[in-house]
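Could you build the full structure based on these sequences and the hints that come with them?
Quick note: this note's numbering has the sequence shown finishing at residue 445, numbered continuously throughout.
Certain hints may be false.
Simulated restraints, written as ranges between beta carbons of each label pair [unchecked claim]:
(1) Val234 - His12: 21 to 31 Å
(2) Leu296 - Arg68: 23 to 33 Å
(3) Pro72 - Asp316: 49 to 59 Å
For the record, the hints were derived by calculation from the structure and aren't laboratory data.
Think of the CB as a built atom: it goes at the ideal place given N, C-alpha and C, for glycine as much as any other residue.
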Amino acid sequence: MDRGNRQPSMVHISLPATLLGALLTYGYFRFIDPSALTVSRRLGPGEILYFVVFLGALVAAAHRLGLRWSRPLAAGPPAPGPVGDDVRRRAIQLPWVIAGINLAGWTLAGLIWGVLWPVLTGTFDPAQALRTVFGITVIAGSAATAFIFFAVERQWRRRLPAFFPEGGLPAVPGAPRLPVRARLLVSFLLVSVIPVAVLGVLARNRAREALAAPPEAADAIVLTMLVSVGFLAVVAIGFAVVLALFVSRSVAEPLARLEAAMVEVERGRFDLRAPVVSNDEIGRLTEGFNRMVRGLGEREFLRETFGKYVSEEVRDEILAGRIALQGEPREVTILFADIRDFTPWVEASDPREVVADLNAYFTEMETAIRAHGGLVVQYIGDEIEAVFGAPVARPGHAEHAVRAALEMRTRLAAWNAARAATGRRPLRNGIGIHTGTVLAGNIGS
1 MDRGNRQPSM VHISLPATLL GALLTYGYFR FIDPSALTVS RRLGPGEILY
51 FVVFLGALVA AAHRLGLRWS RPLAAGPPAP GPVGDDVRRR AIQLPWVIAG
101 INLAGWTLAG LIWGVLWPVL TGTFDPAQAL RTVFGITVIA GSAATAFIFF
151 AVERQWRRRL PAFFPEGGLP AVPGAPRLPV RARLLVSFLL VSVIPVAVLG
201 VLARNRAREA LAAPPEAADA IVLTMLVSVG FLAVVAIGFA VVLALFVSRS
251 VAEPLARLEA AMVEVERGRF DLRAPVVSND EIGRLTEGFN RMVRGLGERE
301 FLRETFGKYV SEEVRDEILA GRIALQGEPR EVTILFADIR DFTPWVEASD
351 PREVVADLNA YFTEMETAIR AHGGLVVQYI GDEIEAVFGA PVARPGHAEH
401 AVRAALEMRT RLAAWNAARA ATGRRPLRNG IGIHTGTVLA GNIGS
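Structure, rendered in structure tokens:
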């Protein structure tokens, strides 16, 4: 992973949200609702310097902590082992840690602006300080932290699967987990309950102030209330839209990728794996889907490989478990075929030539046998033993065996003609067919 491009970008995502949240919060408490800070409405250079210095210090500290904590992730996917397990755990924890660092910064900001600044300016009031600290830390801090968590998570999910090439992301111990239900409940709380509660408390307090104030001051209080409500409503709506997009995509996008992978598997692509991007229910579902596809791929490989040695019908019957391997009485037809004058031919020929010719001969004969529903049971030297009517029952198996024998002769004649064109001697074979009752089953380990 490129240190200068990928790893720092996860930390940099929090910077715009932090700065925007800080400016909105400061603007609200300083200009929209100045009763929270009992200071002059006139913005002085000392206050500006105080704001810039402490905001810069908090942002720089959070940025440095985030980079330092995520430094082990800069090298990319680790090798197996204890060190690699720690890196993979960090990969899952990254959005949580960056969001936690951000929340700690907002907590300090609440103390710096709600307590320290009033103390320095001689305007400290416990009730106002508590109100300011609560507004900065709990209201603004929780909103900014949630936004940063989902923003970092969304970007990091593009790279997280690379740390788990063999899967296993949901099974990593010690990693925090955010279930889908909790994800939706948190977003609902942040976009509906908290804003409505804040607006309700604000309207109630302003209404009480207006009722207790002289008539000439009531209009100003109501106007201030309308400005405050309008400001909070606009900010809340904007935040709700953005957060809703993040949360909905965090659920919908993994499901969409899983659905696309299911379509590809349905088309026969068993080498496909859906990316696992979380350790919640969707991540476990995707992990289970990948295990299922891997099993289907292994079964398909076994099916194709097995089909090279037996007919498709026999293969499917065996894999489906419909064949009694312990044996059962059955009427079948046995076909035997061997090469005439095999021993003299072998003694007069080069061994490598004999092996090549035997393989070519067996291929022609087996093709004829399989074409008529037969199963080659074994090859013994130059002999072929095949059965018709087992392990898959087939009516008219004796006729199929006879037709297979006729095609074997036809194929042997064509094969010999090709051999004669190259100056090699033709081969002859004898074929025997017998129908009777046997115990058809599996013998041996």
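Status of the hints after comparison with the structure:
no. : hint                       : verdict
1   : Val234 - His12: 21 to 31 Å : holds, 27 Å
2   : Leu296 - Arg68: 23 to 33 Å : violated, 44 Å
3   : Pro72 - Asp316: 49 to 59 Å : holds, 51 Å
Of the hints listed earlier, the one the structure fails to meet is number 2.
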